[in-house]
Every structure is written in C-alpha cells, then in structure tokens.
Amino acid sequence: MGNWGDNLDYEAMSIKDHEGRFTINFKKIYMDVDEISQRTLEVTDKHPKDSLLKLWAGAMTGIFIFFIFSYQILFLVTIPFIVFYFIAIFRIAACWISFKYSATQFWLMTILSVPALFAVSRVVQFFIDKFLL
171 MGNWGDNLDY
181 EAMSIKDHEG
191 RFTINFKKIY
201 MDVDEISQRT
211 LEVTDKHPKD
221 SLLKLWAGAM
231 TGIFIFFIFS
241 YQILFLVTIP
251 FIVFYFIAIF
261 RIAACWISFK
271 YSATQFWLMT
281 ILSVPALFAV
291 SRVVQFFIDK
301 FLL
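Taking our numbering, the leading residue of the sequence shown gets 171, the next gets one more, and so forth.
Treat the hints as calculated values from the structure; they're not laboratory data. Hints may be right or wrong, so weigh each one.
[To be verified] DSSO-like, lysine-lysine: derived pairs with alpha carbons at most 30 Å apart:
hint: 1; residue 1: Lys270; residue 2: Lys219
hint: 2; residue 1: Lys270; residue 2: Lys224
hint: 3; residue 1: Lys270; residue 2: Lys216
hint: 4; residue 1: Lys198; residue 2: Lys216
Every value quoted in this text rests on a predicted model; they were computed, and no experiment measured them.
My request is simple: use the sequences and hints to build the entire structure.
Structure (structure tokens):
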C-alpha cells in the first residue's frame, strides 16, 4: 500500500525526538529546559530524563569551573555566575518534577554533588597554588 506519511512529517518527528545537549552556557541551558518542557510529547523512563540529566551535568560543570576560579578576591566576581547556574538547577528541577520524575532523587544527587564539587575544586586550587604559582 505504501507509506501513509508516518515518517514524512519531519517537524513532528523532531518535536517527538527532541534531545537536550550537554552545554555549560547557562543561557543555552535555560533555553533547552524551556524547549524540552514545551516540545516533549511523550514521557518515558528515559526520554526527557536523559536530556535533563545532560543539562544538569552542564550546570554542575559550570558550577565546578567557577568554584575553581573563586580564589581569594575573585570569589566576589564569580558569585553571580554561580547564582545563574543555581537558578538553572532550579529550572531543571521544575521541569524534572513536571514530568513526574522523583524530586527526591534529583535533589539528593544535587545536594550531594555540590559539596563534592566544592571539595574537589579546593583540592585543585591547592595543587595549582602549590605547584604552579
């Protein structure tokens, strides 16, 4: 009989198969979270969850980088950027909860990751100070 157009509507296919990307640019994280929340038609155990996890990892990487840069007086400069990433985390959490994923799982991995990233950044700062400066 032929194909009745199931795979011909490319716009519908791109909306259905929208995946987030790993980025540390907080503006792109904000836009991707909004796009995922608006365009996701079908919620499964993996589909928007893996995209949101990529964005979460990007936000955590950005926080880690600014934790490393927050050395002595530079801490005052890096505070606004860290706050932007925390706002991104809250936006990702709101989208995560809207898709009926476990809020406890999200906040547990976030709350455990932030102090761990801070501790690792202090170790990196120590080695930079000790061996490079």
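Tested hints:
1. Lys270 <-> Lys219: Since the Cα atoms of Lys270 and Lys219 sit roughly 10 Å apart, the hinted pair holds (cutoff 30 Å).
2. Lys270 <-> Lys224: Measuring from Cα to Cα gives roughly 18 Å; hence the hint holds.
3. Lys270 <-> Lys216: The hint holds at about 12 Å.
4. Lys198 <-> Lys216: Holds - the C-alpha atoms of Lys216 and Lys198 are around 21 Å apart, at most 30 Å.
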